[in-house]
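So the protein sequences, as listed, match chains A and B.
Numbered as in this note's numbering, the first sequence ends at 1119 without a single skipped number.
Numbered as in this note's numbering, the second sequence ends at 489 without a single skipped number.
Source of the hints: derived by calculation from the structure; they are not laboratory data.
Careful: at least some of the hints might be erroneous.
[Stated by the list, open to error] Cβ-to-Cβ under 7 Å is the rule here; a few derived chain A residues that face chain B: (1) Thr874; (2) Ser875; (3) Ile878; (4) Asp886; (5) Met900; (6) Tyr902; (7) Leu1022.
[Claimed, not checked] Computed beta-carbon distance windows for the label pairs: (8) A/Thr854 <-> B/Ala477: 52 to 58 Å; (9) A/Ser907 <-> B/Leu466: 29 to 35 Å; (10) A/Thr1018 <-> B/Ala265: 57 to 63 Å; (11) A/Thr923 <-> B/Ala477: 23 to 29 Å; (12) B/Lys322 <-> A/Ile1052: 35 to 41 Å; (13) A/Thr1018 <-> B/Asp324: 31 to 37 Å.
All values derive from a computational prediction rather than experimental measurement.
Where a beta carbon is used, it is the ideal one built from N, C-alpha and C, also for glycine.
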Amino acid sequence: MTKRYEKLTAVDNLSLDIEQGEVFGLLGQNGAGKTTVIHMLATLLKPTSGSATVNNFDIQKEPDKVRTSIGIVFQVPSSDDLLTGYENLQIHAMLYGVDPSIREKRIQDALELVGLTERKDDQVKKYSGGMRRRLEIARGLIHSPKVLFLDEPTLGLDPSSRETMWKYIQQLVKQEKLTIILTTHYMEEADMLCNRIGIMDKGKIIALDTPTNLKLMLGGDIVKLKLKKHDSDITVLKNLSCVKKIESLDGYVILSVDDAKMNIPEILKHVEAESVESSSPTLSDVFLKLTGKNIKEHAEGGFMERYVQYDKN
Amino acid sequence: MLKVDSWRDMYNMTRIRVYSDKIYALWLREVKVFFREKSRLVASTFTPLLWLFVIGSGFSSSTSIAHSIDYQKFIFPGIICMSVVFSAVFFGSYIIWDRKFDFLKSVMVAPVSRSTIFTGKAFGGMTNSLIQVSILLVVGLIIGVQFSPLALVQTVVIVLLLSFALTSLGLTLGSYMTSLEGFQMIISFVVFPLFFLSGALFPIDKLPQWLSVLTTVDPVTYAVDALRNIILGIGSHPLGLDLLVLLLYSCVLGALGTYSFRRMKAV
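Isolated chain A (complex conformation) (with noise of 0.2 Å):
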């Protein structure tokens, strides 16, 4: 699937197969195409040349069967601010036909799901911003879709919001059972949510696996250490099995370790060391040697994340 626009291709030549029933997160900056994806399939955006299909309907040719297996949680809150959170269930269900016999208790069961019940009555303008994205959520499931698409979730939210969102999608993901595929550029949130997590840069899917396998794909934890003799001691390291690669970095050695928790004591029974620190490489530290660039120092300066500021102003 591709889709260019005049000069800028935002999404390269992409193609991806998501199960049924996982939760699949689809991890990069901003503008490195997330989007775009979601839109294609959300058949909101034909794509420029490639296909996909969604629930085994077309994006291109069965757009509507498309639009009743899917449920979508946009970037910006959508809701009508003027309406109740109830008032906007409503009129959702009626939009995706819904049968009226079942109407009222779909709607209760949705609401019941974010923890909304109790301000359902409220007008959504009077909600937080946690409410609202719980709203949202519940407006995606209201037709009982096959596929949940959320699209950063959680963008704009201070943390403990943001863990209380965790929170609800991690039940949803238990009680219904759903397909998520989930966009973000938290990597602390892909790493939770997701079975499987593709990570995207300028388009294309540059690497795609599981969040604990991608971790691996760095070879192991890292330790670091201040040695009393140097020279000597890195000749012992460098004999060790359990060591795979070591570097020296201002008077300390790092070394790629599998399993520290396990190794450390054995690496100190041949060398003496006056300070140990280790640690587990987290995504960040897989995105980071994958794409060469830091995703937190571009993370907050996005034009999403302007417009949230600027629009609770």
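Got chain A sorted already, so can you dock chain B onto it with the hints?
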């Protein structure tokens, strides 16, 4: 009780029901928003009243109109049309806001056809105009304009036709615009000319040639003329002609609006 002959009938009935449900949903949203945006409601009711009372009374003393009708009463049908022009065109172009706040995107990602969205919106605009006109009709009774039940029904028909045509026009313009700055352009180049050229404030019989041409192409002219005919019993064209022209404009602008909605980009 409806008799269901075959599964196909049942299927068709379900389809029709789902379809009307969708239009109802879109209409319901517009009506609820209309009543909750208090400032918009108050402002759009106040402006026509200002015209009716200030311009109406102000010119009453110095202007003589054929048939020796009081100027305030003479412009009353025009003021009704004015409130329709403002409410309908604005309502239509308000779709820019829907897009700005992504509400429209959430509708377009639903299994709802563009023509259904258009229809729901147009019904919303017509309801909106009708509510404002009702307020004005009550004010009309107060200033001594009388109408029979038949005249009332005829007025409603004309108002709905004009409102449909102009809401369609607003929706068409709104569907092409991406920024709120375009709003000002609509006010200057669409709303005011439609209103001023319609003969809402003056008789259209003895105008200079150039002005006469412009009033002839303005759809609002025919609504003003029709309402003058219905309410005051004076008109420049036969009522049937007014109705025909309004119907024609409704069809053309409705079709144009539907076409514009079809080609409107979702994101």
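Please test the hint of 29 to 35 Å on the beta carbon pair from A/Ser907 and B/Leu466.
Violated, since A/Ser907 and B/Leu466 (Cβ atoms, about 45 Å apart) do not stay within the stated range.
ask   = Could one say that the CB atoms of A/Thr923 and B/Ala477 fall in the range 23 to 29 Å?
value = 45 Å, violated
Hint status (Cβ of A/Asp886 to nearest Cβ of chain B, threshold 7 Å)
The hint holds - A/Asp886 has a Cβ within 7 Å of chain B, the shortest such distance being about 5 Å.
Between the beta carbons of A/Thr1018 and B/Ala265, is the distance compatible with 57 to 63 Å? 60 Å, holds
Can you let me know if the beta-carbon spacing of A/Thr854 and B/Ala477 is within 52 to 58 Å? Violated: the Cβ-Cβ distance is about 30 Å, outside 52 to 58 Å.
Does A/Tyr902 pass the interface check with chain B, least Cβ-Cβ distance below 7 Å? 6 Å, holds
- Was the hint right that A/Ile878 lines chain B, CB cutoff 7 Å? Hint holds; A/Ile878 Cβ to chain B Cβ min 6 Å, cut 7 Å.
**Report entry** Hint check: 7 Å Cβ-Cβ cutoff, A/Ser875 to chain B
**Finding:** Hint on A/Ser875: violated, closest Cβ of chain B at ~9 Å, above 7 Å.
Checklist entry - Taking the closest Cβ pair, is A/Met900 under 7 Å from chain B? => result 4 Å, holds
Practice prompt. Go through the hint on A/Thr874 and say holds or violated, using the shortest Cβ distance to chain B against 7 Å.
Written response: Holds, because the Cβ-Cβ distance from A/Thr874 to chain B comes to roughly 5 Å (cut-off 7 Å).
Status of the given 35 to 41 Å range, CB of A/Ile1052 versus CB of B/Lys322: 56 Å, violated
Taking the Cβ atom of A/Thr1018 and the Cβ atom of B/Asp324, is their distance within the range 31 to 37 Å? The hint (31 to 37 Å, Cβ to Cβ) holds, given that A/Thr1018 and B/Asp324 are roughly 36 Å apart.
Of the numbered hints listed earlier, those contradicted by the structure are 2, 7, 8, 9, 11 and 12.
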